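Enquirer: As a plain string of letters, each chain reads:
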Amino acid sequence: MSQVEKAKPKIRGEVIVDRERCKGCYFCVEFCPTDVLAMSEDFNLKGYHFPEIIAADRCTGCGLCGAYCPDFAIFGHRI
Amino acid sequence: MKADPKGVLTGSHFIDGDHACAEGALAAGCRFAAGYPITPSTEVVERLASRFPTVGGIFIQMEDELASSIAILGAVWGGAKAATVTSGPGFSLMMEHIGLAVMTETPCVIVNVQRGGPSTGLPTLPGQADMMQARWGSHGDYEIIALSPDSPQECFDLTISAFNLSERFRVPVFVMMDECVGHMIERVVIPDPDEIEIVPRRLTDVPRGGEYLPYRLDGDLIPPMTHAGMGHYPHITGLTHDERGYPAMNAETQDTLVRRLCDKILKNADDIIEIREDGVDGADIVVVSYGITSRVCLPAIREARAKGLKVGWLRLVTVWPFPDRLIRELAGRVKALVVPELNLGQVYYEVERCAQGQATTHLVPHAGGAVHDPEDILRVIEEAAR
Amino acid sequence: MSTQAPPAPTCEVHNPTEQWLRMDRIPHIWCPGCGIGSSVNCFTDALEKSKIPRDNVSIVSGIGCTGRTAGYLKLDSFHTTHGRPIAFATGLKLANPKLKVVVYSGDGDLFAIGGNHFIHAARRNMDMTVICVNNMTYGMTGGQVTPTTPLTAKATTSPYGNFEEPFNLPYLAESCGAVYVARWTSFHVRQLSKSIREALLKPGFTFIEVVAPCPTLYARRNRLGAGIDAMKYYREQSEIKNGAPTRDVALGFQSKIICGKFVDTSRPTWLEAQVQQHRAVLGDKFTLAENWEGVGEPRED
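Chains as they are written, first to last, in this note's numbering: chain A, 1 to 79; chain B, 1001 to 1386; chain C, 2001 to 2301.
Treat the hints with care, as some may be off.
[Said to hold, decoys possible] In the BS3-like style, the derived pairs of lysine-lysine whose C-alpha atoms are separated by at most 25 Å in a straight line are:
(1) C:K2285 x C:K2098
(2) C:K2154 x C:K2194
(3) C:K2154 x C:K2256
(4) C:K2256 x C:K2194
(5) C:K2074 x C:K2098
(6) C:K2232 x C:K2256
(7) C:K2098 x B:K1006
(8) B:K1002 x C:K2049
(9) B:K1006 x C:K2285
[What the hints assert, rightly or not] Derived list of chain B stretches under chain C, where covered just means 3 residues or more per stretch with a C-beta under 8 Å from a C-beta of chain C:
(10) 1026 to 1034
(11) 1075 to 1082
(12) 1094 to 1105
(13) 1113 to 1126
(14) 1132 to 1144
(15) 1302 to 1308
[Claimed, not checked] Taking beta-carbon pairs under 10 Å as the criterion, some of the chain B residues facing chain C (in silico):
(16) P1005
(17) T1054
(18) G1056
(19) R1202
(20) Y1215
(21) Y1233
(22) P1234
(23) P1247
Honestly, the hints are just simulated from the structure, not real lab data.
It should be emphasised that the depicted structure is a prediction, and the values quoted were computed from it without experimental measurement.
Beta carbons: idealized from backbone N, C-alpha and C, even for Gly.
Starting from the given sequences, assemble the full structure and let the hints guide the process.
Expert: Given below as structure tokens:
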């Protein structure tokens, strides 16, 4: 078994969620290239599930979550 | 301010009403026109297309009247003074954007050289049957300004007035010509630029990037404007909107907005309304007319006076807003009001409404396609005198 | 479930889209899983990267779901009548050619009621960027058939399946004379942003179709699932073919979606042609309009 240890991404990112703006479309969860997000089992005040961060250390700050989010409720950035 | 000399063709000209109208627009500072060919109005845009490139104006022949009537609104928000010109069927197509101009308070001028209708009707022959369409043609409640010239000289003069009124009240203004005045050739005197008074656009004094609310009032019922590119980022919508210009679809905002849109015209009606009169004081009968018909009725009035009748002549230069008070007071002093018009009764019913039964009212209808025979008007004057 | 909203995250950084939005109008009216919002992210990203000053950008929308876009953007924004944003934009541009005028509207608005204005503005090479969010339905009025609804797809006014041949929008745009034509889906956010930036910076009539989900009306009636299912379909069934002949990129019901930049050419814009023609014929008598400095001068692109 010869596993090459993946190098951690050099640029680290942060993802920020405004859960009350979320309408639960799943776009960010589905299209995050490093699987940082999962849908929460909780609801926001409007009754939608919203994304929660399950692996913050995997975020590269690529910003795709924000580019997809139709409700301007999430974005990622590099730190 | 005074007219920009670049657009003013000072001198005495022998031209028709359509060409005079185009010169009026040029003198008024109109530098954008969009139009679509339609008889009997086409000469106006032809002249603008020919003259504009020499004075820094832009003419574009759009794909239809819907496009023409909204292209001018875009041009106004881009900073121009703008007009479109049409006739009956095209006027029908423009109704939607008259509503948009009213709702967004976009100053502009729409010229309708009226012909016979309904539908394609009589493209080359006169009518005055679009007067109620001018008043009510777009959906919803609103007040509008409509002027009615009776000569090529007035086609020039009133087109300037139309621009000035539209800027003053931020409302579309109609120049309701007809085929007769449009194609009638007479002397038109265009004065020196410094004799032509121009109302400039009232722009906000909020600096670039400052907090500008597009429909916040500033002393009167007419909010100051901005243009695209001035750094104010207004949102302009045909939806019912609040003073920020944001859609606010509820009964309260609707009431505030629509009442103001009407009030800004109605409360200034005395300022707006222009009439001409002759022999009204002491008359028993007054002929109330507008446009070409106010000239056609003159021989009838002369004849009636020769027969000893006391007949006055009242001409509505401004048809909308309607001179309610004036007609009401007049009806209290005279025996009868006679209304000849090239339709089967439009302005007549306004006269009847305002007369409130104080005087008898008499329509002299004509379905259009020609002007009245003065004999027909005389006959009704004589009936009214009995 | 608590009844108290947790505070919005407060931090030094902000969603990069927010600076372009009228935040006092957010949340917007678009449904969960609607693709319009994603296209707005791409548009604002493209604006940012284009470096065009905000004060020089005007956005014009018609009526409908996508027609609401103008109202959410912190730009000079005009929400006009149904089908007529291109005609409004024409006047706006001609009165002030310094403005970058963007028309942002939907398939019904631009290609049914507004089709005539689209074809003529493209023919004239009128200087503007037209972004059409094509969700293949009238969302605002409840899911009626549009000129882009694919054959056999159901709509409230084609309850037994659409039998009218739809428009192939890139083919239409190219045929009418657009100098830049691209199609992406709301899945292709990076490519879409780049395309919008290219279109914004290109003189003439530039057109971008954005295929986007309408989960509430189109997808539900056709049993296609939620917005995310449409997005997965775009991911799996899209093929990028830059330069593909536009006649070959028609869309069928749940068919393969050919995406890419199809047309990128150059010819004089209406403004340039107008100045050149009038100057040639009128000579010294020609007077350039106010604000038109530089129009009609030779350009490189």
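Enquirer: Each hint needs a verdict: does it hold in this structure or not?
Expert: Results of checking the hints against the structure:
Taken as a hint, the C:K2285 and C:K2098 pair is honoured in the structure, with Cα atoms around 24 Å apart against an allowance of 25 Å. Pair hint C:K2154 plus C:K2194 does not hold up; C-alpha atoms about 33 Å apart against a cutoff of 25 Å. With a C-alpha separation of about 19 Å, the suggested pair C:K2154 and C:K2256 falls inside the 25 Å cut-off, and the hint holds. Restraint check for C:K2256 and C:K2194: satisfied, since their Cα atoms lie roughly 22 Å apart, inside the 25 Å limit.
Distance check on the hinted pair: C:K2074 and C:K2098 sit about 18 Å apart at the alpha-carbon level, within 25 Å; holds. For the suggested pair C:K2232 and C:K2256, the alpha carbons sit about 12 Å apart, so the restraint of at most 25 Å is met. Simply put, C:K2098 and B:K1006 have alpha-carbon atoms about 23 Å apart, close enough for the 25 Å limit, and the pair holds. Restraint check for B:K1002 and C:K2049: not satisfied, since their Cα atoms lie roughly 44 Å apart, outside the 25 Å limit.
With a CA separation close to 12 Å, the supplied pair B:K1006 and C:K2285 stays within the 25 Å bound. Look at the region 1026 to 1034 of chain B against chain C: 3 of its residues bring a Cβ nearer than 8 Å to a Cβ of that chain, three or more, so the hint holds. With a threshold of 8 Å between beta carbons, the proposed coverage of the region 1075 to 1082 of chain B by chain C holds, since 7 of its residues qualify and at least three are required. Counting residues of the region 1094 to 1105 of chain B whose beta-carbon sits less than 8 Å from any beta-carbon of chain C gives 3, enough to reach three: the coverage restraint holds.
With 0 residues bearing a CB less than 8 Å from a CB of chain C, the region 1113 to 1126 of chain B misses the requirement of three and the coverage assertion fails. Using a Cβ-Cβ cut-off of 8 Å, 0 residues of the region 1132 to 1144 of chain B lie near chain C, which falls short of the minimum of three, so the contact claim is violated. Counting residues of the region 1302 to 1308 of chain B whose CB lies closer than 8 Å to any CB of chain C gives 0, so the stated coverage by that chain is violated, three being the minimum. The interface hint given for B:P1005 is violated, since its Cβ lies 13 Å from the closest Cβ of chain C, which is over the 10 Å cut-off.
At its closest, the beta carbon of B:T1054 sits 5 Å from a beta carbon of chain C; the interface hint therefore holds under the 10 Å criterion. The restraint placing B:G1056 at the interface with chain C holds, with a minimum CB-CB distance near 4 Å, inside the 10 Å limit. Violation of the interface hint for B:R1202 is found here, the shortest Cβ-Cβ separation to chain C being roughly 17 Å, above the 10 Å cut-off. The closest approach between the C-beta of B:Y1215 and any C-beta of chain C is roughly 14 Å, which is over the 10 Å cut-off, so the hint fails.
Proximity of B:Y1233 to chain C holds as hinted, the smallest CB-CB distance being about 5 Å (cut-off 10 Å). For B:P1234, the interface hint holds, the least distance from its beta-carbon to any beta-carbon of chain C being 6 Å, beneath 10 Å. Because the beta carbon of B:P1247 sits about 7 Å from the nearest beta carbon in chain C, less than 10 Å, this interface hint is met.
Against the hints set out earlier in the document, violations occur for numbers 2, 8, 13, 14, 15, 16, 19 and 20.
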